[in-house]
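Participant: Here is how the chains run, residue by residue.
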Amino acid sequence: KAGVTQTPRYLIKTRGQQVTLSCSPISGHRSVSWYQQTPGQGLQFLFEYFSETQRNKGNFPGRFSGRQFSNSRSEMNVSTLELGDSALYLCASSLDRGPYGYTFGSGTRLTVV
Amino acid sequence: AQSVAQPEDQVNVAEGNPLTVKCTYSVSGNPYLFWYVQYPNRGLQFLLKYITGDNLVKGSYGFEAEFNKSQTSFHLKKPSALVSDSALYFCAVSAAYSGAGSYQLTFGKGTKLSVIP
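Line by line, the protein sequences are chains W and H.
Take 218 as the starting number for the first sequence in my numbering and just add one per residue.
Take 32 as the starting number for the second sequence in my numbering and just add one per residue.
Honestly, the hints are just simulated from the structure, not real lab data.
Mixed in with the good hints, there may be bad ones.
The list that follows gives simulated cross-link-like pairs (lysine to any residue, SDA-like), each with its CA atoms no further than 25 Å apart [unchecked claim]:
| # | chain 1 | residue 1 | chain 2 | residue 2 |
| --- | --- | --- | --- | --- |
| 1 | H | Lys140 | H | Asn72 |
| 2 | H | Lys80 | W | Arg247 |
| 3 | H | Lys140 | W | Thr328 |
| 4 | H | Lys140 | W | Glu299 |
| 5 | W | Lys274 | H | Ile82 |
| 6 | H | Lys143 | H | Pro110 |
All values derive from a computational prediction rather than experimental measurement.
Extracted from the complex, chain H is given alone in its bound form (with noise of 0.2 Å):
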């Protein structure tokens, strides 16, 4: 079984730090693993993925992740904060996929980000 743990129901900092929002995961085999963000009546936003190579990931928006294979997890982290970031971060894993079986996304909880101006 595979699964994700957001451990902060909410982040708050102020605008212009940084920000990180934790993510550890535990699943069979390589895990491919993603951060969405969903702000209030929406579906969700792409932000980055690791599936492979460079354990720094680069996405939208100035955010990025490091993918910690000794410790599962995969923080997402940006430089400077924005009011625009405020919104529903969830952290997802899936099974690395090998052409059969199961690769459904099972999302962790997910963290409300309050940027405060």
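Chain W on its own, in the form it takes in the complex (with noise of 0.2 Å):
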């Protein structure tokens, strides 16, 4: 069966813009949840959401934003770009709520210039 999928692969933004990442879940699979990864930090939690409604949210500024749709493929938004904002952005998608269920995508790289 198909994978999480992640689109796009890599992408370039110039600080102050907006971006949005795209993430389609395994079939079936009605959760999704975020991550960013930096050298710096490491891997930290964004969002989890279920049957369209965010259950959690990690500890990130507003220009952070993300949402759900019926199909429970996910989108985040990133507004007003800071060059921390470059990443590798993984989503992760699973039957139910909770992490053990959780298969990852391959991510978006996103540098901001």
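Make the complex out of the two chains shown on their own, each in a separate frame, by following the hints.
Facilitator: Given below as structure tokens:
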């Protein structure tokens, strides 16, 4: 079966711009979670969505937002980009809430210049 | 709050020798514990998890880990290392699921494993 698909794989944006990243979960998975990976801070939790509702949010500023659609696909948006937002953004899907069934995508590498 | 410590940034081991990557954790209540591996420019690949039951967990590619509640540790082990095992390894913890609350993973900083031919 198809895995978790994240698009685009690579992205270069300018400071001040906004960006939208997409995550298509494994078919039948209802939960999507997002993580940010940077060399300095490591892997940090951004959000969890389940049945189109945000269930949990990490300690990130309001510039980071997301949503989940009725087909479980999820998008995350970062507005007013800063250099520090450069990171690998990883999406994980699972059947239900909780991380014990996570499957991660390959990530979107965002570079802010 | 939950946390994970991976005390070694890098572990070097000769091919064919046993390997250990260390992990200790802190979480309220019972833990769910995970090991993931990451190859360059890729996402996280699941290796194994401890939810409940036997303290020795066997996972993919010959890896195993032992849950030690008294020492709050979950070290990753493999009896005989391969060059292809060279990668970045992450330990992660979550509180046990009880139907409500937050269940995100908290990751360690990662340990770079280098297997020398």
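Participant: Now look at each hint and say whether the structure bears it out.
Facilitator: Hint-by-hint comparison with the structure:
Restraint check for Lys140(H) and Asn72(H): satisfied, since their Cα atoms lie roughly 17 Å apart, inside the 25 Å limit. A threshold of 25 Å between alpha carbons decides the hint, and for Lys80(H) with Arg247(W) the separation of about 21 Å falls inside it, so the pair holds. A distance of roughly 21 Å separates the Cα atoms of Lys140(H) and Thr328(W); the hinted pair therefore holds under the 25 Å criterion. Between Lys140(H) and Glu299(W) the CA atoms are separated by roughly 23 Å; this keeps the pair inside 25 Å, and the hint holds.
Between Lys274(W) and Ile82(H), the direct Cα distance comes to roughly 23 Å. Compliance with the 25 Å bound is thereby established for this hinted pair. Taken as a hint, the Lys143(H) and Pro110(H) pair is honoured in the structure, with Cα atoms around 18 Å apart against an allowance of 25 Å.
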